[in-house]
Amino acid sequence: MTQIAAVGPKPDAQEIRYEHPSRLTLTRRYLRRNKSLVLGLAIVIALTLFTVIGSLTIDTEKRAYPLAVKPKQPPSAEYPLGTDFFGRDLLAVMVRGIWQTAVIGLIAGAIGTGVGVILGFLSAYYGGVVDTIIRAVTEVLLPIPAFLILVIIAGSIDRKSVTIYTMALIVSLLAWMGPTRVMRAQVLTLKERLFVNVARLSGMSNLEIIFKEILPNMLPFILASFVSGVFAGIFGSFGLSVLGLGPLREPLIGNTIWFAQQQAAFFNGWWWWPLWPSLALVLIFVSLTLINVGLDELANPRVRRTE
Amino acid sequence: MRLGYLVRRILFLIAVVWVAATIVFFIPRLSARNPIRERFAEIARSTGFAPKDLEQIIAAYEVKFGLDKPLLQQYIEYMAGVLRGDLGPSLTRYPKTVLELIFSALPWTIVLLMLTTLISFALGNLLGALASWPRSPKFVKGLMAPLMMLQAVPAYLLGLLLIFFIAFRLKLLPMGGAYSQGVTPSLTLEFILDAARHQILPAISLILASLGFWALGMRGMGITIQGEDYVNFAEHKGLHPRTIFTQYYVRNALLPQITGLALAFGSVIVSGVLVEQLYGLPGLGGLLGDAILKNDYFVIYGITLFVILSIAVLMFIVDLIYPLLDPRIRYESR
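So the protein sequences, as listed, match chains A and B.
Take the first sequence: its letters are residues 1 to 307, numbered as in the working numbering.
Take the second sequence: its letters are residues 1001 to 1334, numbered as in the working numbering.
Do not take every clue at face value.
To be verified - Mimicking DSSO-like on lysine-lysine, the simulated pairs with C-alpha atoms at most 30 Å apart in a straight line are: (1) Lys1294/B with Lys160/A; (2) Lys1294/B with Lys35/A; (3) Lys1237/B with Lys1138/B; (4) Lys1138/B with Lys35/A.
Stated by the list, open to error - Chain B is nowhere near these chain A residues, computed Cβ spacing over 12 Å in every case: (5) Pro66; (6) Lys72; (7) Glu192; (8) Ala260.
Because the hints were derived from the structure by calculation, they are not lab data.
Backbone N, C-alpha and C fix where the C-beta goes; we use that ideal spot for every residue, glycine too.
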């Protein structure tokens, strides 16, 4: 926008000045209206800053693991969040735990959305047998509570070898059916639009149409699906780790709560131990939901009018 | 046509259950863990009792449970057993059968999940309908944002925070367990009251976590119904607002929510599993968690099958009652 305004003829002083707000101004104005998006992003940024500043200032490599500090200390000036039964500094545990939990969510969200986009395109764009198979498989798998299957998978593998990456893979195994369905529906409506027909008549190849015409129009949906995927990934990995099925050597938010429960932290009066991870997770889940509501408004402007 | 639809629906649900059962059957078998060996190792750890001919005992048990046969044969035999209603023995709590374990745990789960789902469905839909109703007081609309936040938080976490604030800090309610220690379960009023007191916090955490789902869905439906001609017509006819609200507004907005009820059942069970685990309740969730830690295949199979079968049956029931609720839908050719 700014470039166009700058290249045009020099504005005359007498001429009526039309407002050409820059993209930045437009974005800022939009964000003022979309409060949930702003609030959600603000929480995510705050959490990111917490982990970045935390890992730069604290020795998380050492203090987030057992026997690093004095155990069972309540929050104090030396240990702002206290320490746990195993002698881990909870501040360092939180810094590292939030980061690694986020990594699991991001990987799971990316895999689920990526597979969903590919299958959705194959299914809707090419139709036929491919469509029938993909649709049948998604329809049959969707009603099965994915978490039950995840629990069984996670319970079957050797617990000592589970890393945060295997965890992310397990969680994303059953996370692609929802995105596939959404993407398929989107492609089906988009491929009948006039601009796609024009592109086809003007001799664009299928791949060109997919990448240049359809995909850009689906970005808000892909983004929303990614955010839901991250949410589901963190949700799933949290569920697994509070059952004691996650990686136990690496600090995660979920397994910090599990360890606290195992040692009966509330019963013994070490209330700070499970409290911080719980609050961190509440913040993560709430911020992702807010972002999703905001993205929904961005993608379907009609929702705005009903507010 | 109606019959054709029902048959197709039944075949679909059978496919869902069969696929789930097959996935669930094979996954634990791919692992190198041996539940019988682990059970003996545990006994050896806790009692110091370690039989000399351990390998033979383990082999004998494997023959007894049919675990020495080829996997495919075990699969076919297990599925045949399921069709006869036989879910096999528990590997780690032998001689108890899986069915016995499920039935002893089931009442706890049914009471907790049924009650919370119904309360949450009724309350959530009422709040959602009121929030979209133009005449309702402002504070109802203000409730939507907090409900949306709560809905984002897993019931397990809400449960943990409730334990901290209400049971640990304020000491108002017990921190966990299904009934007080030293009480034997019986059908006396005293016991039921005691058990009910222990169910309050788990119930609240499940209700709070699911309320927003119903409320938001209902509000969305209500908003689309507001502009409908029949609502305007009812208003101009001079009907009492309450009649319009219940007969015209809620009745129509509720329909998709009822379909949602069958689908939500899956997630209700999952949060139920975690909440039962958190509060140490003796329901299906606690049983499943325990079975997974010990890799007791048959209990895992049994509970998963049971859960998925109940979801399929519920989906089917919703299909059946839907035309009764919505006179516009008939499963017949027009």
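Exercise for review: Sort out which numbered hints this structure fails and list those numbers smallest first.
Suggested key: 2 and 8
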